[in-house]
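Chains A and B, in that order, are what the protein sequence lines are. Per my numbering, residue -17 is the first one in the first sequence, and the count goes up by one each step. Per my numbering, residue -17 is the first one in the second sequence, and the count goes up by one each step.
Derived by calculation from the structure, the hints in this document are not laboratory data. No residue lacks a Cβ here, since even glycine has one placed at the ideal position from N, Cα and C. Please note that a few of the clues may not be correct.
As the list claims (entries may be wrong) - Partner residues aside, some chain A positions facing chain B, computed with beta carbon under 7 Å:
#	residue
1	Asn292
2	Leu293
3	Gln556
4	Gly558
5	Asp752
6	Tyr785
7	Asp786
There are 2 protein chains.
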Amino acid sequence: MAAEALRLAAAVLLLLCGTLSFPLGPETNPATTCGYESCHATKANMLNVHLVPHTHDDVGWLKTVDQYYYGDRNDIQHAGVQYILDSVVDQLLKNPDRRFIYVETAFFYRWWKRQSPSMQQTVRQLVDEGRLEFVNGGWCMSDEATTHYSAVIDQMTMGLRFLNETFGACGRPRVAWHIDPFGHAREHASMFAQMGYDGFFFGRLDYQDRTHRMVQLEQELLWRASDSLPPPTADLFTGILPNGYNPPEGFCWDQSCDDPPIRDDPDLEDYNVNDVVSRFLGIAKAQATVYKTNHIIMTMGSDFQYENANLWYKNLDKLILYVNALQANGSKVNVLYSTPSCYLQELHRANLTWALKTDDFFPYADSDHDFWTGYFTSRPALKRYERISNSNLQTCNQLEVLAGPASRTGPFGEGESQTMKKAMAVAQHHDAVSGTEKQHVANDYARRLANGWQRCQVLVSNSLAALSASSAKRIYCDNLNISVCPLTESSRKFAVTVYNPLARPVSWAVRLPVNGSAYAVSDAKGAAVDCQVVPVSAATRGVRRNRGFAVNELVFQVQAPPLGYSTYSVSLLQNGPPPASMKPRHPAAIQNEYLRVTFDPDTGLLSSLANLETKQSIKLTQNFYWYNASDGNNTESNQPSGAYIFRPNSSTPFIISQTAKTETVQTSVVQEVRQWFSPWVSQVVRLYAGSRALELEWTVGPLPIDDSLGKEVITRLDTSIQTAEVFYTDSNGREVLRRKKDFRPTWTLKQSEPIAGNYYPINSRAFIKDDADQLTVVTDRSQGGGSIHNGSLEIMLHRRLLYDDVRGVAEPLNETSHIFPDGLVVRGRLLLSLERPPVAADTHRLIAQEMVLQPLLTFTDGDLNPNTRLEFSGLQAALPPAVHLLTLTQWDQDLVLLRLEHQFQSWESKVSSQPVTVSLQKLFSTMEVVGVSEMNLSANQWKDEMRRFAWAPQTDETPVLKTFQDISPWEVTLRPMEIRTFLLRVVLR
Amino acid sequence: MAAEALRLAAAVLLLLCGTLSFPLGPETNPATTCGYESCHATKANMLNVHLVPHTHDDVGWLKTVDQYYYGDRNDIQHAGVQYILDSVVDQLLKNPDRRFIYVETAFFYRWWKRQSPSMQQTVRQLVDEGRLEFVNGGWCMSDEATTHYSAVIDQMTMGLRFLNETFGACGRPRVAWHIDPFGHAREHASMFAQMGYDGFFFGRLDYQDRTHRMVQLEQELLWRASDSLPPPTADLFTGILPNGYNPPEGFCWDQSCDDPPIRDDPDLEDYNVNDVVSRFLGIAKAQATVYKTNHIIMTMGSDFQYENANLWYKNLDKLILYVNALQANGSKVNVLYSTPSCYLQELHRANLTWALKTDDFFPYADSDHDFWTGYFTSRPALKRYERISNSNLQTCNQLEVLAGPASRTGPFGEGESQTMKKAMAVAQHHDAVSGTEKQHVANDYARRLANGWQRCQVLVSNSLAALSASSAKRIYCDNLNISVCPLTESSRKFAVTVYNPLARPVSWAVRLPVNGSAYAVSDAKGAAVDCQVVPVSAATRGVRRNRGFAVNELVFQVQAPPLGYSTYSVSLLQNGPPPASMKPRHPAAIQNEYLRVTFDPDTGLLSSLANLETKQSIKLTQNFYWYNASDGNNTESNQPSGAYIFRPNSSTPFIISQTAKTETVQTSVVQEVRQWFSPWVSQVVRLYAGSRALELEWTVGPLPIDDSLGKEVITRLDTSIQTAEVFYTDSNGREVLRRKKDFRPTWTLKQSEPIAGNYYPINSRAFIKDDADQLTVVTDRSQGGGSIHNGSLEIMLHRRLLYDDVRGVAEPLNETSHIFPDGLVVRGRLLLSLERPPVAADTHRLIAQEMVLQPLLTFTDGDLNPNTRLEFSGLQAALPPAVHLLTLTQWDQDLVLLRLEHQFQSWESKVSSQPVTVSLQKLFSTMEVVGVSEMNLSANQWKDEMRRFAWAPQTDETPVLKTFQDISPWEVTLRPMEIRTFLLRVVLR
């Protein structure tokens, strides 16, 4: 039976029994030998050296992703991925022993779609025979410090899906491969485990850690990557590569290298076979002493190598020939072409136990003054734009599903989410959201996101038109954070539709730039809504740079149903000056029903925070400081601070101002204390009615550099909490890890950078606590931070540097733009919650979730069409707070991908850390679920077909294998930190 | 009938009729379309742009030839020819429209012999289909200024033979291609014409010349390259390439270039097809305005390009696609893959007349202060070593033929001439003997020649053993020029065998380093020979640097028969001090039967030269000077003097000394005046009994650089001859060209370098003359020289420079060695003859011939075996003086290649410039000639099968086509400057 027929048959089956089962990609040729079976034989009584030809193709860095693909701008860096793939395929065909791995699907996809059918068939054959193997296989190799798990899962899903659909089972990567990211997150390991990878390899780790592991033979280990998921769910075998991801010294045969080729023609000068072989044997034997088995791996490749693969393979063929020829004379070294999975298979066969690791690999230092902790904050504007874009994309995805085909073709034209999905996938790259790319490349990432959002806006408009039965033109205001929205600034009557991408109802304060002084607002049911007009702050007026001239903001609370919208109508009542609510003096306090914040009357700074419900209170001072970035000109080391590296000249930051000038706004909807610290640092301390979070909206920049000093600006919260040098940060927005000053859990740290060496990535939150109090700070983007003093938590907000940090980017991180030629201004928000530690997560999980997936506002001008449906929810009912609807996206015509997540760790909350059961059948309001099947996390395998290597840790534990059973395929139970992925067949109602 | 059978049949035929006729290479597949038929169609009504993919692979320059082949030392320059050929073949297979030309057989040969039979078959197919075309095809692309015609013919023959034997007729290049040499010699054009090339292309010519030709549309022209050979024998269509040999600006798609690739995926950023196409059309149209036809050529390649040919071809495919697509919209530009021969064919089809040129393209200047006239002298020691090596190789070749197989296997082991042939062929490269390579590469060329000579010495010893019936050990003394020969220095009795590679008997003065004070010498017939012992000069003692300690030299005249040897026995008579023949005072004169030389008693310098036979006499002062090399630090131009470029800081050279200290030696055999000018310049003025030439043996070096001034040392002859700013130099050792100061025959020169702009290459001789007197200077190597003043001739002897001249070599020309760490010392000889102009050639042709092919001395120690044959000639009789036996070398088992040359120009001599007839059957003494067939000059075509394009010059002349007929195939007539090439089937007697 042909593959197509099989697929149809499966689809029929599904409609009958409700369970999906069909090949996820093309049928694999039954004669293929891909996978572990395709590995070359090794020799049991010898040292087997696995040569792994590979290229590391950054999805943007010094050049944009498309420049890299084409080989454009080779004046910046010689690199052209189209040629790499051309060349590798040609060379693989020349010798069936040769192997190659390819990693970055963003590039492979570009190449594949330009190939002829016959070339595609050739490549399929290579993949089917295991000669070309995909490794990792996401759209990109994501950054681990600054990415949010939801975007990482999306990009991995996109890449792996392409491979699945193009190559079937033989295209499924079996190992994860993060050879370049600058530190490794535990959550990434957890995700990789749940994506079905048998193992994980990386190249960079702390130099002290590496030395320790070499001595202990712990460069290969078992990483237990979750404290909530039962082992081995999040167990990931992890291997540290011997030379980063480069070949051993003297054995780089790429066109970009100068190592001597093998000169084996005895008729020509400089015959060097004996020299090459003896150098190789020396290196192999030395490497074998720091690994456990009689197998070692050598990465034969590097950045953008194999553009002319012949150079590599011709010499590798000879190396293998001449080294193995010595076996006839008793040599016990066997060299072979291999892949990471083939190497992994041999480690697995060794049947050993492996050191267990439960923390992560942050921070990464490659030398004693070279901590890669700057990029946690580098390019804060890009980091925020990426985070907003994720929120917008999830909305776009959801509305594509909820309105069905009407979303893609509708009154506003052809809309689609693919452009945005690809832009977001590319942005996860470890030189994208990380902020470690050149400026023009950063601009390209942002432009791609903007383009993607343009395409999504059409889809969203179409979808809302279908759901609301109104094709009134939808207007988007992407600059509300700086109080710019031409429609609201000028319109006398308009409506704002608030779409809520969360599976539970939210309340949200809307702030709209206006020029009137009084407005009437009514909700979807026609009820009046309390609204207030407050003046736009001076800081905002400074930041807008002629992009808008609203003098006031209209503020009111909205509510939006789960996966749904609610439409509010706004009418101008009165033009004129704003109400005189400004109080230009130091406020004593602001408060709402949950929180009370006091200010020092002398300085204008925060002085305390109290939770009125729990009746707890802490001293809290908050101010802004800057570290003077090292310019590299110092006796201990010549390392400057740069895009990657944070290295302050002194451990004591400069204070920007001891006092703040303040203004106060107090209304029934919001209370604000506006603080000015300098012309380039200001803040609004804001408390909305009904909120459990105190908002600190900071505005920083342009950082002055006329003193020729690079600046790294932090805000520091100094509290009365007794932290004992410990604080907590999240890993990729999910599980929380404990951090202790000048300490690493697995080795005795010799600390050489007291600030930078204590910085950790903060993706979505950090907290400090003692027995009584937990102060959690939720961030609106990834940032770096640390707790250097007792009770203190500092977060780096913005960086402006004058020197490159010599890690390749070759530009100082000195951001300007045509709007900000004098240096970028960045605005962001921190949300503070003060809770009792045992229940703090109940608050911060929800706050953070609302920060990540924020409501989308769309506007329509004038009167609403009377037939317009003003309120809608895509769900039949809200999900419980513990359950997050992580993914809802169209898969193909009838299929929808759904991810549900338990968003609490097992120990976080007595209430929330409990299993929750959700009914899939009764989930959606607009469609019927007629089939369901569970998949692995990356949606490239049926869950029940996922088989992973089992690895034994070096512990005495007797693992208790827990297996859970759902009540039925339709009633699924989520346990703490569990993410479950389903492919649903749906029929629109 | 199979090819092998055909060949055998032909051989049988030959024995019957005496005329050779068989395929010179493998039979060509009758279905092939190589040659002009394989060219792509063009469009008559359009501008046709011929894109010529090519690589320019220097046979040594910054790296050695083997380093270039392998891609070793890529730190110096990224270049690996093995990969170029790998890659080009792969890419040609991908698209049958693609074309490639390959030029340097030294590399192609290295690659070919490492290919599998199936790859060889693939390549044959490409050649048979005209997709891979050989162009030029010599072993290397020879230098034109510093090479001797005999070595050029040899290297071309070697390369073309390989192509013929490997590929048959389809492998025969149809165009000559000298895209890089730094000026172009008329003799090269003449040779190319006689080798059967249909046309010639080059890249470099004087910038003023180019401008003039662009305006006049004379960048394509007909070069009449001989004033003696009847047209069109030496007529060569010559095309000047538009961009040197590079692609037009912005269109370099090699891995070594940074030009933007064609980005034609509309889904990706920076789609640039329109931009590329419009830039290309602009360039093509501009180029068409400076050429005559509706065809233009673009060289799409450069130095060592196409290592990753995919980059080039992928973009060229697209360029052709998109440019030609515009034809549908009316565009009149047609782009196609092409080759120089396909382009040439279109020029030929145009049926136009072309400007006629009869001079040459020296000197070459690429800007007003950038004359490439330094390399005429650069590395004078290497230049001399190359010239001696040629002489030794010809001797080796001759003895291989004369003694037959016994030469290759004999009492001294296995000898062969191939190593030396290859070493000499490589040394003709335009960065080899030219002296423009890096030091380590120059060392490599010398080492190769030394290795070759080692292998030849075995052959020569075997051959002499066979011919002399004595296997006494043969000893070679290669350092006789510095009076070093361990055997003669210590032996009491020895024999010296003098082999004469010329086809006429020669007399020769032998000088042997000895420590005795009296010797007896007897000739082959046992007759006593007049011999004298003279002291070794102080200059020689200084130069030896502990390589020998002889105090005296034994001097005597020897005579050797044509292509034969004569053995002289030497016995020590008396140890002790040398005879007191030294006269440490300024001599008045020295003289022999032909010449009288006087010296100024005040200065010790030469003061006059007289020919006693003709009774002519001239004033002649000779001295040594140095130009201060420009260091590039000057207002007119920052061009320094360097390996390529000669640029003195001032037009007035510094005199080294106004006076010379002198010593005189006067014996019956030789008279010498030894002159010291400084610690680094000395000279011996020497007159042997019976010689028509005055010898000036100069010793120069180490040039002092402690004053931080680069020095370019000349000797200048100032005479009473009225030269009217005219002098004469030879072209590659053959025809002589007239040079006039500050003048170029084909355009009005704007002279900007009064010295360097008047320098010309002197390969073997230069002369000045007036109606009464001609003073000819014969050199022992290639040198640069000029006539800056009336009656004056200067020759540059040695150069030591402190700056690189920015033409790529990236080293100053500052030669040192382990023996001369303080700077190289160079010794050489100039031979002066003074004759009446109408008969001067009768003397200088013979002197120069003896300088080029010098007798080879071999020594045997002790008594001679009584059965030893002491004299031998390979010829039945000497050839007339006008006839030079240019080549006698084994071709294969039964075949011998013979070249006979008329060595006079048509106008040179009433006596000697007459046709001469030679009988081939009665030529050799050791073998019978049983078959003969004439070939073209490069021996890759039967002469009667050679067909060349006919080209019409832009003149009113009605050409008189002269056809000559030999009396019989065995009786061949040579006319002035004619070289005739024969393949002989011989049977050893």
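Against the structure, the hints:
1. Asn292: Since the shortest Cβ distance to chain B is 5 Å, the answer is holds.
2. Leu293: 6 Å, holds
3. Gln556: Not OK, violated: Gln556/A not within 7 Å of chain B, min 49 Å.
4. Gly558: 48 Å, violated
5. Asp752: Result: violated, 52 Å to nearest chain B Cβ.
6. Tyr785: 26 Å, violated
7. Asp786: 21 Å, violated
The structure shown violates the earlier hints numbered 3, 4, 5, 6, 7.
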